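Top to bottom, those sequences are chains A and B. If you count by this note's numbering, then the first sequence holds residues 1 to 177, one letter each, in order. If you count by this note's numbering, then the second sequence holds residues 1 to 355, one letter each, in order.
No lab work stands behind these hints: they were computed from the structure. Model, not experiment: these values are computed from the prediction. Some hints here could point you the wrong way.
Said to hold, decoys possible - From chain A, some residues computed to sit far from chain B (all C-beta separations above 12 Å):
| id | residue |
| --- | --- |
| 1 | F63 |
| 2 | V123 |
| 3 | A127 |
| 4 | L130 |
Stated by the list, open to error - Here are a few chain A residues that face chain B, going by a calculated C-beta distance under 8 Å:
| id | residue |
| --- | --- |
| 5 | R23 |
| 6 | I27 |
| 7 | P66 |
| 8 | L83 |
| 9 | R96 |
| 10 | V100 |
| 11 | M101 |
| 12 | N139 |
| 13 | N141 |
Unchecked claim - DEER-style ranges, computed between Cβ atoms:
| id | chain 1 | residue 1 | chain 2 | residue 2 | range |
| --- | --- | --- | --- | --- | --- |
| 14 | B | T316 | A | G45 | 21 to 29 Å |
| 15 | A | T73 | B | T316 | 29 to 37 Å |
| 16 | B | R340 | A | H158 | 30 to 38 Å |
| 17 | A | L130 | B | T316 | 46 to 54 Å |
Just so it is clear, CB atoms sit at the ideal spot from N, CA and C, and this is done for glycine as well.
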Amino acid sequence: MSGAALSRGSALPAGAAERQGLRAGVISRIGALMIDLLYVAALLGAAYLALAGFRFLRSARTFAWPQPSFQETFVAGVIVAVLMLATGWASTGRTRGMQVMGLRLVGRSGTRVGPGLAFARAVACIAFPLGLAWSAFSNRNASVQDLVFGTSVVYDWHMHVPPARTDEASAPATANS
Amino acid sequence: MADCDVAVHDVCMDRIPIGEQPDEPDNVVQLPTAGDVTEPADEEMSYEDAIAADADRLEDDASGETQPGSHIAGMMEQGVRVGAGLFAAGASALADALRTTIAHDEPEDDPDPAATLAGAGLGAAVTAAEAAAGAATKLADALGPAISWLVEPRFAKDAGEMAGGVVRVLDGQWKASQAEMVDAATSFLGALVPEITKGLAEQVDLTALVREQIDVDAIVADVDIDRILDRVDVDAIVSRVDMERVARSFPVEAVVERVDVNRAADRLDVDRVVARTDLQAVVDRLDLAAIAEEVIDEIDLPQLVRESSGIMANETIQTVRVQGMNADRLVSRLVDTVLRRQARDLVPPADGNPS
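Next comes chain B alone, as it looks inside the complex (with noise of 0.2 Å):
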């Protein structure tokens, strides 16, 4: 851009591929000076040449006439134009701005997107000047006669050089601080935006806000869960885990407290859970012999067969004493009877008193 030399107006977009670029720059607006203000021709005429002729000055207005309502439009539609370049100055940093966001790896002989979107930027502009300057004809020669002595010959010419010098010297300021001013103020933004939401952030409840204005149910109502579940892949996120740390940290003791096992167990149907239980394929597993094995080490059988046995044979024993005494007594009685006796005297001697 620093070898760009072209108009005041003329905005060197070196990498917005705006159509072809001619030679010389065909929309460059010249001021007007005073070489070039010629005086109409005063002559007679018709009423239908006075129209005619009013309508070709007016087709010349925005060729450069040197009405003076012409120079007010050609100065207005100048800023126009002025304003149009600074603002396609600012388009044409976005785009610089944008293409490094982009993939450099493109290639050249596509259109640029940013360049593009900078261009069309332009060509609005240029189009709102040239309908911007025709306004401005229509009202600078309505007010012509009013502020015809802005454009006098000497004075129109004074001033169209000096806008004319000012401009220039303008852009070329521009110019020549335009990438120290974008980097000043991409620096600046840069440094402000993070305070400036920072600031809000701390001083706006988001949270509050959110629950306020935004109906999150209707929100995840829309979203659909099973298209999301689809697209989870379960069994890598399970791989990842680290079970046995999980297992370690697990408050199992906690949460078997907080379970009312009885409950639970009220609740089981157990007789459903056996019928579906396949306790053939259970007892296949077991090795019965070792079991029966162990438990015979465990339970020392012969003992108990020799408790079992003494029990029964003591069983036994008492049954016959018992029905032994019962048959002592039922002879005594009947024995008694017969003899008339009241009672034996069973009780035998004690030590040392014999009976």
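Bound conformation, chain A alone (with noise of 0.2 Å):
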């Protein structure tokens, strides 16, 4: 999905804005957090494409394709999804599903949130996705991550990068549970 392409929708539809900037609901959150799985498998299958071909380079005689455990796959798994995450927080406070859906994740005063804070949250969110369930009842939309690191997910279909701020490191040791 082409950064190009979300820019031009300059005209936002009936109903969505109005709705910019206000915390987003369950589904979206959920729909991201698919997309999100989804482009992990799709970056777990590349990997493993790749090292085949490089086995295949290596010793064509000998090649045989891998075969990996579920340990190995799980862990993969785990530390792409956690790099995945943290590095679309802290960059420009996306992930990959999270911009299909229109959302962006900010810190307590809506900013954009520290590279700490993005791993520890994705650590988190790794950890415990049921977490994210907790929105669909929390009078404020919040997961229990955001609940835990003082963070809010909200609807922004624009592009623009919410600043940083440098405080956002010590978020997690403030926040109330």
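Take the two lone chains and join them into the complex the hints point to.
Encoded structure:
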């Protein structure tokens, strides 16, 4: 999905313009999570093919398709997912799935989160994905991770990148539970 | 004509072939002289003889009898013949003028039309003179007793000689100055006629005169336009026209400004025009491959495809997002309804104002 295509959608459809900047609901966030998982799976598949190609180039006679175990695959998936989420939140405030769904992660004051906070939140999301379900019942559409790290996921279809704050790294220490 | 030596009334027309010219002119009227006058015999005769004698005398009057009336008749006949001679001289000049207008390569054996006309005029004049002489003789016979002193032998002789001399002198003067006078008259008329014509043209409104007196429509109606057009070589006329110069001087802009194109377009039956057009022939003449290549180069088709794909993707994404928003709102309302909650706080914390 190209960013240029998104940037040309200057005219927002009816019902979407007035909801920009508000906290997003559980359905949109689950959709973004699913897209992120598909993206992680695609990355794992690409990594698998890359490994197989490397093996083929290294020894074509003894080439055999890699046979990773479940544990290896799971660990690789967790690592890829954490890195993908952390990188996305720390850079633009959104992952691939959140970009498709028009969501953005912001800090306490509505600014972009720092790398440490992003990494910690990514680990928390992978470790306890059901925490996202709490956004359906929360009065502020907040997941468990949002409550822990003081973050919010809002509707933001625009392509601008919110400014970062230097005190974002200390957010987990001050977040209420 | 200078070497022509004839009688007074004998107009020398060396260019006019009026039959064979006799050595001695037979149409010369000899003026009576005193010696020619003879007294008629005064003898006793019967009534019948007197009647016959009168008849003979009347017949002899034309041949120059010396009766008193015959002298006057001869003079009148001579005057008429002189007038006819002058007319013939004029006719000769006219014949010369006409001859100059005719081509000179005509054979000499052919009769000259102008000369023939002049000869005819001369013959008519002589005939008229003879008729006038007969009438004058009768008139003289009637008036003879009253004017007998005029025809006394002595007086008649003197008058005849004087008249003959005068006539000969006048004829000689005419012959001598004929060419000069004709030239003078010709020059005079040549200068006068144009002036008269010009003056008349200035005084008379010919245009109005033609409009009032001439039925132009009737004349035009009698004109066979088709016959005229058949005789016109339009191709030759067109070939002589400098179309380039005509096209340059043609006020195209002015004509276009005066043309109501929209009105003309409204009157145009496009369907009929298209139906009569051989579109297949037009398409066959088109280099579609070159046109397509040129169009692709002009519109930057790859960029267009990218933009189209982006627009389609953007519309798809917007649809998914809107559907997600609606689903979020539906779930929130459902949960809030179950939990008996009024509304959610969806406004995130602002800068320095955490919620």
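Hints, one by one, checked against the model:
No beta-carbon of chain B is positioned within 12 Å of the beta-carbon of F63 of chain A; the least distance is around 38 Å. For V123 of chain A, the condition that its CB be more than 12 Å from all CB atoms of chain B holds, with the nearest at approximately 23 Å. No Cβ of chain B comes within 12 Å of the Cβ of A127 of chain A; the nearest lies about 25 Å off, and the non-interface call holds. Remark: the non-interface label on L130 of chain A is consistent with the geometry, its nearest Cβ contact in chain B lying 16 Å away (cut-off 12 Å).
The interface hint given for R23 of chain A is met, as the beta carbon of that residue sits about 4 Å from the closest beta carbon of chain B, less than 8 Å. A hinted interface residue such as I27 of chain A counts as satisfied when its beta carbon comes closer than 8 Å to some beta carbon of chain B; here the least separation is about 4 Å, so the hint holds. The interface hint given for P66 of chain A is broken, as the beta carbon of that residue sits about 34 Å from the closest beta carbon of chain B, more than 8 Å. Because the beta carbon of L83 of chain A sits about 25 Å from the nearest beta carbon in chain B, more than 8 Å, this interface hint is broken.
Because the smallest distance between the Cβ of R96 of chain A and any Cβ of chain B comes to about 12 Å, over 8 Å, the interface hint for this residue is violated. For V100 of chain A, the suggested interface contact is upheld, since its CB lies about 6 Å from the closest CB of chain B, less than 8 Å. At about 6 Å, the closest approach between the beta carbon of M101 of chain A and any beta carbon in chain B falls short of 8 Å, and the interface hint on this residue holds. Using the Cβ-Cβ criterion of 8 Å, the hint placing N139 of chain A at the interface with chain B is satisfied: the shortest such distance is roughly 5 Å.
For N141 of chain A, the interface hint holds, since its Cβ comes within 8 Å of a Cβ in chain B; the closest pair sits about 6 Å apart. Between T316 of chain B and G45 of chain A, the C-beta spacing of about 24 Å keeps the proposed range 21 to 29 Å intact. For the hinted restraint 29 to 37 Å between T73 of chain A and T316 of chain B, the CB-CB distance of approximately 31 Å keeps it satisfied. For R340 of chain B and H158 of chain A, the Cβ-Cβ distance of about 36 Å falls inside the hinted range of 30 to 38 Å, so the restraint holds.
Taking the beta carbon of each, L130 of chain A and T316 of chain B are about 30 Å apart, not inside 46 to 54 Å as hinted.
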